[in-house]
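Assemble the whole structure, with the sequences as input and the hints as a guide.
2 protein chains.
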Amino acid sequence: MDVKKPKSIVIYSGGLDSTCLLYKINKESDTMALIFNYGQRHSIEIERAIDNCIKLNIPHKVLDISFFKDIASSSALLDYNKEIPNIRDIAGHAQPPTYAPNRNMMFLSIATAAAESAGADKVYYGAAEVDTHSGHWDCSLDFLKNINQTISLNREHHIEIVAPYITFSKADIIKDGIANGVDFKNTHTCYKGEEISCGTCSSCASRLQGFLEAGYIDPKEYVISDKIPWKNYNCQAL
Amino acid sequence: MDVKKPKSIVIYSGGLDSTCLLYKINKESDTMALIFNYGQRHSIEIERAIDNCIKLNIPHKVLDISFFKDIASSSALLDYNKEIPNIRDIAGHAQPPTYAPNRNMMFLSIATAAAESAGADKVYYGAAEVDTHSGHWDCSLDFLKNINQTISLNREHHIEIVAPYITFSKADIIKDGIANGVDFKNTHTCYKGEEISCGTCSSCASRLQGFLEAGYIDPKEYVISDKIPWKNYNCQAL
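Which chain is which? The protein sequence lines are L and F, in order. Sequential numbering from 1 applies to the first sequence in this note's numbering. Sequential numbering from 1001 applies to the second sequence in this note's numbering.
In case anyone wonders, no lab produced these hints; they're calculated from the structure. Among the hints, a few may not be true.
[Said to hold, decoys possible] Simulated crosslink set (EDC-like; lysine to aspartate or glutamate; CA at most 16 Å straight-line):
(1) Lys175/L / Glu213/L
(2) Lys122/L / Glu156/L
(3) Lys61/L / Glu47/L
(4) Lys7/L / Glu28/L
(5) Lys7/L / Asp121/L
(6) Lys61/L / Asp30/L
(7) Lys69/L / Asp1064/F
(8) Lys61/L / Asp1070/F
(9) Lys1145/F / Glu1156/F
(10) Lys1069/F / Asp64/L
(11) Lys1185/F / Asp1064/F
(12) Lys145/L / Glu156/L
(13) Lys1145/F / Glu1160/F
(14) Lys1082/F / Asp1070/F
(15) Lys122/L / Asp30/L
(16) Lys1061/F / Asp70/L
(17) Lys1005/F / Asp70/L
(18) Lys5/L / Asp1070/F
[Stated by the list, open to error] Looking from chain F toward chain L, a few residues come up when the C-beta cut is under 10 Å (computed):
(19) Ser1073
(20) Leu1078
(21) Pro1097
(22) Tyr1099
(23) Met1106
(24) Ala1111
(25) Ala1115
(26) Ser1117
(27) Gly1119
(28) Phe1143
(29) Gln1149
(30) Ser1152
(31) Leu1153
(32) His1157
(33) Leu1212
(34) Gly1215
These numbers come from a predicted model, not from an experiment. The C-beta atom is built at its ideal place from N, Cα and C for all residues, glycine as well.
Dropping the structure here:
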């Protein structure tokens, strides 16, 4: 790795959770961000990610893993012919069409390799167990424990995967981001990947619910902005 | 995945172990091979891999993960300025300079993603625990068990990673390959990546030792061919 040796690596998407994580870890450690271009429909998130890294002066690499689009086309994030469903239509589904097969383990494996090569001993990722309920088994505490147990078998390099938000609600993550100065306008969440967020995909819905619960107004623009009941909440404008 | 739906996926390098594995699995299951271009110095193995897939009429994909060269340059397989050591010089090292950080977990994660997307339920890889002694912790039975335990948390897709050679000696693998009709001349093992193998890197040394123990002559050409004591063995020519 050709940057100043980082002590940790953050897996960074440019979304809400991992941006809050990046701001948090940047205060604690010399870190470096790995950003994945995996053929995601919402590749606009990569622009947000790079922008935040530049603003925070964090070394970062965008890794081209666009082969993933070719081998994991069961996901609506990767096969653009598939519809991004409305949150209402996937309630009760074990895994929604937007689930990307084994993506998190792939990200963690690559980040662990980078950490090992660079001599870093921590890999941070922004998983929250609350997402397990929407079919993302690879955001669970059990997953985290098991993957750490696997990499602990490497006796020469001791690397730990840390997910500081694993037990947080979305509202808790947002509050942590606010405390660390995150510019939420400069994050991207919507699966549809347009500049103006839809507000109705599962990713937008979870974000909006988080802001509503946290008592803050989300500064992003939404197609359904008029229908978001900010006025019914005692929100503090950002 | 745009090929006929495979029942299994083989992680295939074009080396000795995974070629024997490919021939074996091809007899048992509709399979598909994933070949990784990860910036390896011995990328000549990819040509051998493609050639064997074509001969066996096995669907295959070559995945470009050459970003790995950039993030995992601690390995002499990826940083071409580093020397490939002679087997004599690395005896007793826990991890030799040719060890590629967390490479196997990355391969397995990607292959599992492909299996999940394609509806396949097995991922085969050619690990042999005997290589654990040369610092490859990610060829161990413990590693295999742990990674299977991790992916078993995915309750929607049941995929098993299978390593049929995990307890085999190199000689046993060679014998299995012979039984299944492997053309060993059309495999590549040497880390240096030249057409004529060096015979002295750890990879060549392990292969040659395997042939000597199995009682067969390796049909590959070696720089040190004159010094290999085939004549002292009761070898059966291939």
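Consistency of the hints with the structure:
1. This hinted pair checks out: Lys175/L and Glu213/L have alpha carbons roughly 10 Å apart, not beyond 16 Å.
2. Between Lys122/L and Glu156/L the alpha-carbon distance is near 15 Å, which keeps this suggested pair within the 16 Å criterion.
3. With a C-alpha separation of about 12 Å, the suggested pairing of Lys61/L with Glu47/L holds against the 16 Å cut-off.
4. The hinted pair formed by Lys7/L and Glu28/L meets the criterion: a straight-line CA distance of about 10 Å does not exceed 16 Å.
5. Between Lys7/L and Asp121/L, the direct Cα distance comes to roughly 6 Å. Compliance with the 16 Å bound is thereby established for this hinted pair.
6. At roughly 15 Å between alpha-carbon atoms, Lys61/L and Asp30/L fall within 16 Å of each other, so this suggested pair holds.
7. With a C-alpha separation of about 12 Å, the suggested pairing of Lys69/L with Asp1064/F holds against the 16 Å cut-off.
8. Our distance criterion of 16 Å between C-alpha atoms is met by Lys61/L and Asp1070/F, whose separation comes to about 10 Å.
9. Between Lys1145/F and Glu1156/F the CA atoms are separated by roughly 20 Å; this puts the pair beyond 16 Å, and the hint is violated.
10. For the proposed pair Lys1069/F and Asp64/L, the alpha carbon gap of about 12 Å is at most 16 Å, so the pair holds.
11. At most 16 Å may separate the alpha-carbon atoms for a hinted pair to count; Lys1185/F and Asp1064/F exceed this at roughly 25 Å.
12. For the given pair, Lys145/L sits about 20 Å from Glu156/L by alpha-carbon distance, which is inconsistent with the 16 Å threshold.
13. As the CA atoms of Lys1145/F and Glu1160/F are separated by approximately 10 Å, the hinted pair is consistent with the 16 Å bound.
14. Note on Lys1082/F and Asp1070/F: the hinted pairing holds, with a Cα-Cα distance of about 14 Å set against a maximum of 16 Å.
15. Distance restraint check for Lys122/L and Asp30/L: the Cα-Cα separation of roughly 11 Å lies within the 16 Å cut-off, and the hinted pair is therefore satisfied.
16. Of the supplied pair hints, the one linking Lys1061/F and Asp70/L holds, its CA atoms being roughly 10 Å apart against a limit of 16 Å.
17. Annotation: proposed proximity of Lys1005/F to Asp70/L holds, straight-line Cα distance about 14 Å (limit 16 Å).
18. For the proposed pair Lys5/L and Asp1070/F, the alpha carbon gap of about 14 Å is at most 16 Å, so the pair holds.
19. Because the smallest distance between the Cβ of Ser1073/F and any Cβ of chain L comes to about 6 Å, under 10 Å, the interface hint for this residue holds.
20. Checking Leu1078/F against chain L by beta carbon gives a least distance of about 9 Å; that is within 10 Å, so the hint holds.
21. A distance limit of 10 Å between C-beta atoms decides the matter here; for Pro1097/F the minimum to chain L is near 12 Å, and the interface restraint is violated.
22. Restraint check, Tyr1099/F versus chain L: the minimum CB separation of about 8 Å is within 10 Å; hint holds.
23. For Met1106/F, the shortest C-beta to C-beta distance to chain L is roughly 4 Å, which falls under 10 Å, so the interface hint holds.
24. Nearest Cβ of chain L to the Cβ of Ala1111/F: about 9 Å, under the 10 Å cut. The hint holds.
25. Hint on Ala1115/F holds. Least Cβ distance to chain L is approximately 8 Å, under the 10 Å limit.
26. Given hint, Ser1117/F at the interface with chain L, holds; its Cβ is 4 Å from that chain's nearest Cβ, closer than 10 Å.
27. Annotation: interface hint on Gly1119/F holds; nearest CB of chain L at approximately 8 Å, less than 10 Å.
28. With its C-beta approaching chain L no nearer than about 5 Å, Phe1143/F sits inside the 10 Å limit, and its interface hint holds.
29. At a threshold of 10 Å, the smallest CB-CB gap from Gln1149/F to chain L is about 6 Å, leaving the interface hint in force.
30. Because the beta carbon of Ser1152/F sits about 9 Å from the nearest beta carbon in chain L, less than 10 Å, this interface hint is met.
31. The criterion of a C-beta within 10 Å of any C-beta in chain L is met by Leu1153/F, whose closest approach is roughly 5 Å, and the hint holds.
32. Interface hint at His1157/F: satisfied, since its Cβ lies 7 Å from the closest Cβ of chain L, which is below the 10 Å cut-off.
33. Among the interface hints, the one on Leu1212/F is violated; its C-beta lies about 30 Å from the nearest C-beta in chain L, farther than the 10 Å criterion.
34. Evaluation of the Gly1215/F hint against chain L yields a violated restraint, the C-beta minimum of about 34 Å exceeding 10 Å.
Checked against the numbered hints listed earlier, the structure breaks hints 9, 11, 12, 21, 33, 34; every other hint is satisfied.
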